[in-house]
Amino acid sequence: MHLTVPALVAAGLAGIGLYGVLARRNAVMVLVGAELLLNAGVLLLVLTDLGGSDPLLSGQVGALFAITVAAAEIGLALAVVLLLFRATGSSDLRTPRSLGETARQDSASGGEVR
Amino acid sequence: MTGIDVLMAAFGALALASGLLAVTSRRVVHAALWLVVSLGAIAGLYLLLGAEVIALVQLLVYVGAVVVLVLFALMLTRAPTGPSGDLDSPRPVKVLAGVVGAATTVLLGAALLAADPGLVERRPARGEALPLGEVLFASWVLPFELVSVLLLAALVAAVAVSRGREAA
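Those protein sequences? They're chains L and U, same order as listed.
If you number the first sequence the way my numbering does, the last residue is 121 and the count never jumps.
If you number the second sequence the way my numbering does, the last residue is 996 and the count never jumps.
FYI, nobody ran anything at the bench for these hints, they're computed from the structure.
Beta carbons: idealized from backbone N, C-alpha and C, even for Gly.
Take these hints with a grain of salt, some might be off.
Unchecked claim - Partial chain U-side listing against chain L, Cβ under 7 Å, derived:
{"#": "1", "residue": "Ile832"}
{"#": "2", "residue": "Leu835"}
{"#": "3", "residue": "Leu915"}
{"#": "4", "residue": "Ala930"}
{"#": "5", "residue": "Thr932"}
{"#": "6", "residue": "Thr933"}
{"#": "7", "residue": "Gly961"}
{"#": "8", "residue": "Val963"}
Full structure from sequences and hints, please.
Structural data, given as structure tokens:
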């Protein structure tokens, strides 16, 4: 088999994921782009193993670890997105806001968040 | 071009097309579902390459858990279910993002084509559960344990972040 097609698919997914991260405004949609970017990386890791002869199967093991870390990352990222939504009522990343402790105390006491 | 190559091209085209739809769709739920199609096509690619365990892990973890998390987050952030014009940045930012994405694809594609090993023997025995399990729990057991601790830390952190200051 030829590894050209999966390699080009990985390159394409990286570009598409990067577009998603940069062009989207909704926080959850940015994470969708980040997931595509991570998948491109994992695909490349698997390709390095199947094209080579490493006895330790480093590429595939690396892919497993990368998938695990990606799952942990998106769990935490979505918790932060939920915090953002609860603190400010919107998941739009372009509205200026401050998530620091003083800002949240201000909004809790009814002050303006700017 | 063997049958495997043709199938890989088909799955690859599906993954790219649905990925593109996922990042450009105007409805958030459609975007999440196109992500499912894309991740499933990538799992099919893994299966064609001979990496069976990775294909199943991709389906279980990515399609089964990550996309479900995305859908829950969409539900809890009251995302609009109809077509929404507020999902994308203004036009100049989108054009710039498109240029950056295309440049990344071209650069990465050129580098990968230059490093292409040509015709490679398909070795599904490398991706089976037994050799991967043996090497994972013998040579890679310490990073494996560290990743488990990382997962636990992420879980605790997610709970801590969502509880906010009332619990402090």
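### Task
Just pull the numbers of the violated hints for me, sorted ascending.
The structure conflicts with hints 2, 7, although it agrees with all the remaining ones.
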